[in-house]
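Between the sequences and the hints, there should be enough to build the whole structure, so can you do that?
So the sequences go chain by chain: U and D. Start counting at 1 in the first sequence, then tack on 15, and there's your number in the working numbering. Start counting at 1 in the second sequence, then tack on 1, and there's your number in the working numbering.
No lab work stands behind these hints, which were simulated from the structure alone. Beta carbons are placed, not taken as given, at the ideal position from N, Cα and C, and that holds for glycine. Treat the hints loosely; a few may be bogus.
For lysine-lysine, the following DSS-like pairs were computed, each having C-alpha atoms within a straight-line distance of at most 25 angstroms [unchecked claim]:
no.: 1; chain 1: D; residue 1: 109; chain 2: D; residue 2: 149
no.: 2; chain 1: D; residue 1: 149; chain 2: D; residue 2: 7
no.: 3; chain 1: D; residue 1: 149; chain 2: U; residue 2: 170
no.: 4; chain 1: D; residue 1: 109; chain 2: U; residue 2: 170
Rough simulated footprint, nothing fancy, chain U against chain D, three-plus residues with beta-carbon under 8 angstroms [what the hints assert, rightly or not]:
no.: 5; region: 16-23
no.: 6; region: 26-39
no.: 7; region: 52-58
no.: 8; region: 62-75
no.: 9; region: 117-131
no.: 10; region: 135-147
Computed footprint of chain D on chain U, listed as stretches where at least three residues anywhere in the stretch have a Cβ under 8 angstroms from a Cβ of chain D [as the list claims (entries may be wrong)]:
no.: 11; region: 16-26
no.: 12; region: 99-108
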Amino acid sequence: MIYVQLFLAFLRVGLFSFGGGLAALPLIEREVVTHFAWLSHREFLELITLSELTPGPIAINSATFTGFKVGGMGGAVVATCAFCLPSFLLVLLLSHFLSRFREIPWVEWFLQGLRPAVLALLVSVAYSFLVRGMNSVFAAVLGITGLVLFVRFRKVNPVWALLFAGFLGVWWYR
Amino acid sequence: MLPLIKRELVGAGLLEEEEFIEIVSLAQSLPGAVAINTASLVGWRLRGWRGELVAIGGTALPSFLSIVVVSFFLLRFGDLPSVRNFFQGAIPLVAALILLAVWDLGRKIVTDLEEMFIVVLLVFLLRFFHLHPLWIMCLGGVWGVVRKR
Chain U
16 MIYVQLFLAF LRVGLFSFGG GLAALPLIER EVVTHFAWLS HREFLELITL
66 SELTPGPIAI NSATFTGFKV GGMGGAVVAT CAFCLPSFLL VLLLSHFLSR
116 FREIPWVEWF LQGLRPAVLA LLVSVAYSFL VRGMNSVFAA VLGITGLVLF
166 VRFRKVNPVW ALLFAGFLGV WWYR
Chain D
2 MLPLIKRELV GAGLLEEEEF IEIVSLAQSL PGAVAINTAS LVGWRLRGWR
52 GELVAIGGTA LPSFLSIVVV SFFLLRFGDL PSVRNFFQGA IPLVAALILL
102 AVWDLGRKIV TDLEEMFIVV LLVFLLRFFH LHPLWIMCLG GVWGVVRKR
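Structure (structure tokens):
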């Protein structure tokens, strides 16, 4: 039963997430935190942090992590495959007119209209992080320092910055 | 990520540069992860459905394996205070990264007051009326069509 639920949840995520990894997060949060309560809000933030630290698309990482947590290795496989399935099928089914479908004007308009929606989803993710992650003065100092650093030096490698901040956290909150 | 994919495919002579650009723009307009969609399209173009399976598997496998290893340890040791504290420290920086992504995307796509209004409205519907993200996308898409007609 858990496998079926995992399969359907991540099939929906794979089918309905437009606009890249971060924009998929509200949809994943809906399925995984709000609807099925497989992860707590805290674990969801930790999962996103882990995704920034490990290679690969954030949605794949969420599928594997959630699947592994609630269904072990089998759950991880089911959730990950379910997420990839729409990519596989859509290309297969639409392959004959895939390159032409974007030439239909209203398809192009619809896709352009998705961009403000994607931005709104990103703002919502940022909001969750600010509300739940910035819960102390130290966290606010780290966050603001990080923002200044990332804006000022675009080349800063986020992985190293996150690891450094993590170890600062270990030292500060000990 | 895209320069890496390009190097693997165009550099190895599997695809022409033009084909690559077309595939990537298509991959971005399909649902799902862009990397997986790119793999799917390239696999299909080169070797049909078998190529698709192999390419998707190859793209998903590294993140799958690394997350399985990481979650194995996290589920076992996640409640240790030092692990909690590590995340306490790292999460504000993830918040900074996401704010940066909001800023970058916003600067690119919000060019007039109407678009600004739509974004604010959608955020409002999402946060305070708990509208499903799918409805947010549909509303955005429909607005895109209505605006052009």
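Checked hints:
With a C-alpha separation of about 19 angstroms, the suggested pairing of residue 109(D) with residue 149(D) holds against the 25 angstroms cut-off. At roughly 34 angstroms between alpha-carbon atoms, residue 149(D) and residue 7(D) are farther apart than 25 angstroms, so this suggested pair is violated. A C-alpha spacing of about 38 angstroms is found between residue 149(D) and residue 170(U), which places the hinted pair above 25 angstroms, so the restraint is violated. Taken as a hint, the residue 109(D) and residue 170(U) pair is honoured in the structure, with Cα atoms around 20 angstroms apart against an allowance of 25 angstroms.
Counting residues of the region 16-23 of chain D whose beta-carbon sits less than 8 angstroms from any beta-carbon of chain U gives 1, not enough to reach three: the coverage restraint is violated. Counting residues of the region 26-39 of chain D whose CB falls under 8 angstroms from any CB of chain U gives 12; the rule of at least 3 is met. For the region 52-58 of chain D, the stated coverage by chain U holds: 3 residues have a C-beta nearer than 8 angstroms to a C-beta of that chain, and at least 3 were required. As drawn, the region 62-75 of chain D meets chain U at 10 residues by the rule of a beta-carbon pair under 8 angstroms; at three or more, the given contact holds.
Coverage of the region 117-131 of chain D by chain U holds. Counting CB-CB distances below 8 angstroms, 6 residues qualify, and the rule asks for three or more. With 10 residues carrying a beta carbon less than 8 angstroms from a beta carbon of chain U, the region 135-147 of chain D meets the three-residue requirement, and the given coverage holds. Coverage of the region 16-26 of chain U by chain D is violated. Counting CB-CB distances below 8 angstroms, 0 residues qualify, and the rule asks for three or more. Counting residues of the region 99-108 of chain U whose beta-carbon sits less than 8 angstroms from any beta-carbon of chain D gives 7, enough to reach three: the coverage restraint holds.
Figure legend: structure checked against the earlier numbered hints; hints not met, in rising order: 2, 3, 5, 11.
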